[in-house]
Amino acid sequence: MRIVLERRLTPSRNMQYLSPLLAIVLSLVTFFIIFVLSGIDPLKALYIYFVEPLTAVWSIEDLLVKAVPIILIAIGLAFCYQSAVWNIGAEGQLAAGALAGSIIPVMFPSLQGPAVITAMILMGIAGGMAYAAIPAILKIRFNANETLTTLMLVYVANLFLDYMARGPWRDPAGFNFPNSRPFSEGQILPVIAGDSVRLSIVFMLVAVVVAWFLTTKTMTGFKIRVLGLSPRAGSFGGFSRDKMVMLTFLISGGLAGLAGICEVAGPIGQLRTTVSPGYGFTAIIVAFLGRLHPFGILIAGLLLALSYMGGEGAQVAIGLSDQTTQVFQGMLLFYVLACDSFIYYRLKFVREPVLDAATVR
Amino acid sequence: METKSAGRRTRPESGALIQAIGISKLFGSFKANDAVDLTIRPGEIHALLGENGAGKSTLVKILYGSLQPSAGEIRWKGQSVRIPSPSAARKLGIGMVFQHFSLFDALTVTENIALALADRSNRAALAREIEKVSLEYGLPLNPSSRIVDLSVGERQRVEIVRCLLQNPELLIMDEPTSVLTPQEADDLFQTLDRLTARGCAVLYISHRLEEVKQICHHATILRLGKVVAECDPQQETASKLASLMVGADVHVLSADTPPPTSAKTRLSVRNLSLPEPHPFAVALHDISLDIQAGEIVGIAGIAGNGQGEFFDALSGERPAIRPETVTIDGKPAGKLGVTARRRLGAAFVPEERIGHGAVPRLRLSDNVLLTRHATGDQLLRVGVIDFSGMKTLADRIGRSFDVRKSAVDPEAGSLSGGNLQKFIVGREIDRQPSVLVVSQPTWGVDAGAAAVIRQALIDLARSGSAVLIISQDLDEIFEIADRVAVISRGYLSEPVPARSLSREQIGLMMAGLGEGKSMAQKETAHAHRA
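Each protein sequence line maps, in turn, to chains A and B. Here the first sequence is numbered in this note's numbering, starting from 1 and rising by one per residue. Here the second sequence is numbered in this note's numbering, starting from 1001 and rising by one per residue.
Just chain B, same shape as in the assembly (with noise of 0.2 Å):
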């Protein structure tokens, strides 16, 4: 029947362990699984992939109980079930590891386990036991080990371990390798496959195509909140699966941006190398960038990919060692913290708005202040604060970007995101930067709002400034950036026109088939053969 050559895998041909039939979730009018359809059979290794936004976590939260569908069915082993909690999964047989761990540093692995497990009373026992399911699963553990000594891929483990002494048949396994080396993952890899032999099934959520490829029997990919496609991942190649993430759409450029003319170099960036700050972080490898006067430049990547760590980088918040390393208008800034960069001309709106961009507690025009205040504002007479004057920025920015606002001069936690964003990114364009940085320039904010913000960063780059949006909305990217550079694990790209690249080539680049520089450049080549 079935001829099983060397890794080549076959789906398991038996009935499901776990299927979700029609699951939707909306928040608010926003739906994030729209009738999804899941099944998942024991033994196999299936895989859930899609672009950022595109369900996967609701979905996974849904199937662990931590949040509840709006519509739809579970059904565990052909019985219909429902999921009210966590606890409620784990006793039905369903395990989770977090791509955040959930340890405790200065307890040892076994008093870790312990606390997940209120039935294991014998401390030395679980000790033996731990060791045991160690062995048998090839994940190596001292279980008198403190978690703090631990290496990543070590922490890691003990969550699987701890989830196995549970004795699962579901395991969902959330980006797991994002954080281990490839020897780690390899190592995982070879875990898996003992789990599955012996029956267990794994959800395995991944951006990453070619593991997906390797160990994978089968996989789910959402778009959209929806399944578009359900596929052997082995059979099809890594860009038919990326275009299935993204959408297979090619990018037609939208004619009213002029490319830029001018050469003048603004930002510029080179071989910035930071190490990770902690070990969730990502490392930056020697990434070099320059930004012309007049010019947006796009930074594609899938979250977690380096982009936070970069942009504060750019910002000041973690300086780097060498001031060459960012020079901004020709003047080395790489050691000066993010005031005296902003002295320098540049401006910066980070990811989040709340609690790094503004001070939800304080009214707009304080936080006016907080980016305005040493930039040539006259907002301070020896430190003492101009408060009509900050009103009188306020309300300029406020009319300027169109902040819809509750009062004259409300809290900025109470106006909405998109508002809120309005008056963020207004508030460092009001100033004419020479040099704008911002993250995620639109997310979560609706389609008039985004309107607003990306034509402000169109005629503030053709008013002579450089433009770096770092962003994970890819069509985003194509409406506003004429050059595109995609970061993956905390490498960059070599940045090339956006007119010559398709979605699937972004799409393959951000899946970690671009790192190093290799593959960028041979899309480079291709474009300019093209």
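Extracted from the complex, chain A is given alone in its bound form (with noise of 0.2 Å):
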């Protein structure tokens, strides 16, 4: 006997949208038993994780301001995914944003004013489309698979990003430590509510407008779903698969590079040697959670900066590692994808002999 997935006829619509819910179940679920299993009160570590982030102003305020950079790369993601094209090098294009991004404020740092943060966020969000267009011009001209150069670039842009840290833009009254001289206020985003909501959540929220009238009203966002479903069928229709690979990088390096920037000239507040804990890898989480969806990866996006709230939280309060974050953000993607496979495919137990795979075609 064999277990085979066999392709299901009529996909459910209501489990597209219920299986990022039942996803987070079974990620709750198992995150209990693991907390159970290593003798931790699975409840208080729950609480801890997911709730108490949400009880105070001040964690509330940094909730956002996490959510901000993720949602951003996230959104960018989803029209590379919608068309079948898979950056998962965000969190390269997002260094290569904010270098880009501190040529100003470290070369220039008398610059300083609305149009010079102008500027900084005009060069972060061209630092990100350009780095995003090498793996681009790769696939394009190569047939280069995009998921490994992307991967590839992402440690090159934080080798080069940890270089020019500790190297030529070190600051030289900073006592040897490797970070760039601290911009200045008026290289910084300004605060716009509370003690430290930026502006970048207005850029969050435009871009979640304005991807979702590209992708649901427009020829453009139509013929990125189209490529990204059937190929042939959209060379068919007379779309060049080629120029939405380098849209698609772009729209993603470019809003990458601007969470890149808005992170640096923002809470940062200076280039350091790493700029993200991760968010362009946490975007992809986000963007699959969130159905491709801006409105999805809104909530997604939200979700998802409380986990790394509650990481936070947990170490502090029960010295939960702080890994622990990470292994739920994983679980997550796999209960996500898992659940995925599942509105297509249904699970068949089969007493015949398997097929050899070179006879399968």
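Please keep in mind that the hints were generated in silico from the structure rather than gathered at the bench. These figures come from a predicted structure and were not determined experimentally. There could be a bad hint or two in this list.
Facing chain A, from chain B, some residues (calculated, C-beta under 7 Å) [as the list claims (entries may be wrong)]:
{"#": "1", "residue": "1338"}
{"#": "2", "residue": "1339"}
{"#": "3", "residue": "1377"}
{"#": "4", "residue": "1378"}
{"#": "5", "residue": "1380"}
{"#": "6", "residue": "1383"}
{"#": "7", "residue": "1384"}
Backbone N, C-alpha and C define an ideal beta-carbon position, used for all residues, glycine too.
From the two separate chains plus the hints, produce the assembled complex.
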């Protein structure tokens, strides 16, 4: 007897929306079991993780601050994934954006003001775009697999960032700490609400709305969807796959770059050897958990930001390792993808002989 | 007893190696094989002949264990056996060389073969073994070459050697010469002779009657899932074999199809040549064709003879080098893409419904937009989609072509094949295109839907459009085409009036005897004399 996945004739539409919720529930159940097995009071742990961060104004603000870069990046990634372009290198594109956006404040510290901030933002976007264009060109010109190239380019960007922060751009007055000089007030995004919510939240909300309009209402969104679902039908429709590969890479690179510069010219306030605790990778989970839909991504982004917050709280309160957060995020992605598989396939137990791979064609 | 003259082959007088008795295979209600009997003797090359859809692949898959028969029995050397899987078939002594190879480009010959043979752990010994076998059977191969550097003929040798290393007693070859040059084919025939000299039997699937006559001892001919004849191909004429394959009845023209009267050329192809895009594709050779307003031209041919490549060249999915190669309504379009060609008034229906003609996971209204976004239907305003306009169009197409659907605007993939085909053909005809190119208009479609589609094609042509249908279904071509041309190995014969052709003549041309243009011209001359 063997187990096969059989394609469903009509995938359920409801399950497409329920699947992320189911994944969240399954992740929580698994988390619960893990806590029980490791001798931690599971209810208390889950409370610290997922409820406590929502009980204080400052931590809700912090939640929003963390959600902004994650959602920005995930919005961009959703464009890629809809067209079946598997860009998993947003972390590197974020670093490239942070580096490019930091050119002015590091090299010309005297330049300040709204115009300078605008220029920094634009340079950050351009940096992320340029860095994302590399795997796009490799894919178009040489058919190089973007899953590999984008991931490898993450390490290139992060090591280059590390080098710049330790070497040429290190703050001469910084007691040899591997940081750039701290940015001045006129080089940092202004706080627009509470103590720490900056202008970048507006960028994020604009990105969500614009992305929603682009994907659901325009021909560009239609082309991206068609090429992602059936490339051959896309070319029959007269759409250029190469153009869409480049476009989706530029959109996602640009948004990751924007997230990068908003971090350094925001909560961080200087260029460091690392500028992101893995937002570029978390955004992949957010994109899928949000069904690649901008509004879904908004909600999923807040949830994943919550897991970062909860992780920090649990570290302090019950001494849980900060790896726990990554375990939770990984588990969530696993369950989303697993639940999604069952939308399109059903499990079947078969008693017939196994077909040879060479003959299944 | 028997006098063996040069080139004359005699079927060995021995007991059966493998016998299929009363094999039937049902797919739903469709009988792909209907009580098929087949006996192969050791040491013979046994041809399996038939049109597309005659049931050849089904039968072979049953013998090779990748399909299970619905009824019937297989006997191997007299013993009744069940072949549950290809690996069981290989253990029994049955090897198969597929039309499309399964080799890893980046690996060497030895590495590729080692992957298939789990019991050979010593790579160097395997390489020596490969060399020995390849010399023995006249299949020169360097075991350390990488597949990517090999020609198609050499790749086939790798596949054959891989089979031979398992000491098969029966070798099944699926259209082995379709990818070979004539020289490579001759080499292959010598190898087959050496194999049979050692007592190995070969089941040889081919459409090419000349080569079947040249190398095979015996032939079994299938039509519509049934064995229609068994014969010695050397004794029969190619035309006899062809008529057995396609059915002997001569076409009777249906009376309600008046010949076209207008003489305006709407679609013109001039000296279209395109190299093959990949090793398994077919190159197009100097194709020329004119289609007038009001007529339907049918292109017959066996699958894989360049139909797909020709369609892509016409639709602009693969543009040509010179603009004058394809002319649509008097305007040179050879270099234009598919959208620009649609703007000139052309419309296209590809062979593959799912994933080429339509996106299965999108709604019907979205699928309207796929080909109608630039054809003057006002579905876009500065890049913003008019959803209600799309729905109106989808409804109109659904009503006029009787598309039966489960919901108002369902996903394309949820429609049955026939209904989806009606929708896709309807989507294009609804535009009233001046030129319509349709590939396999009724492939896998039930009779009712096929009739709707064929009638719509005739109506479109009679309203002044030029219609080109590429089809493997001869009945369909005879039913609706005014003129017929045959495509074979990328060559297109001169189109001739359908009423002047018999099925036998078409069958011969499809089997490769009409290549170049000589045959077709001879046929035309003959038809004119008659």
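For this structure, which hints from the list above don't hold up?
Of the numbered hints, 3, 4 do not hold.
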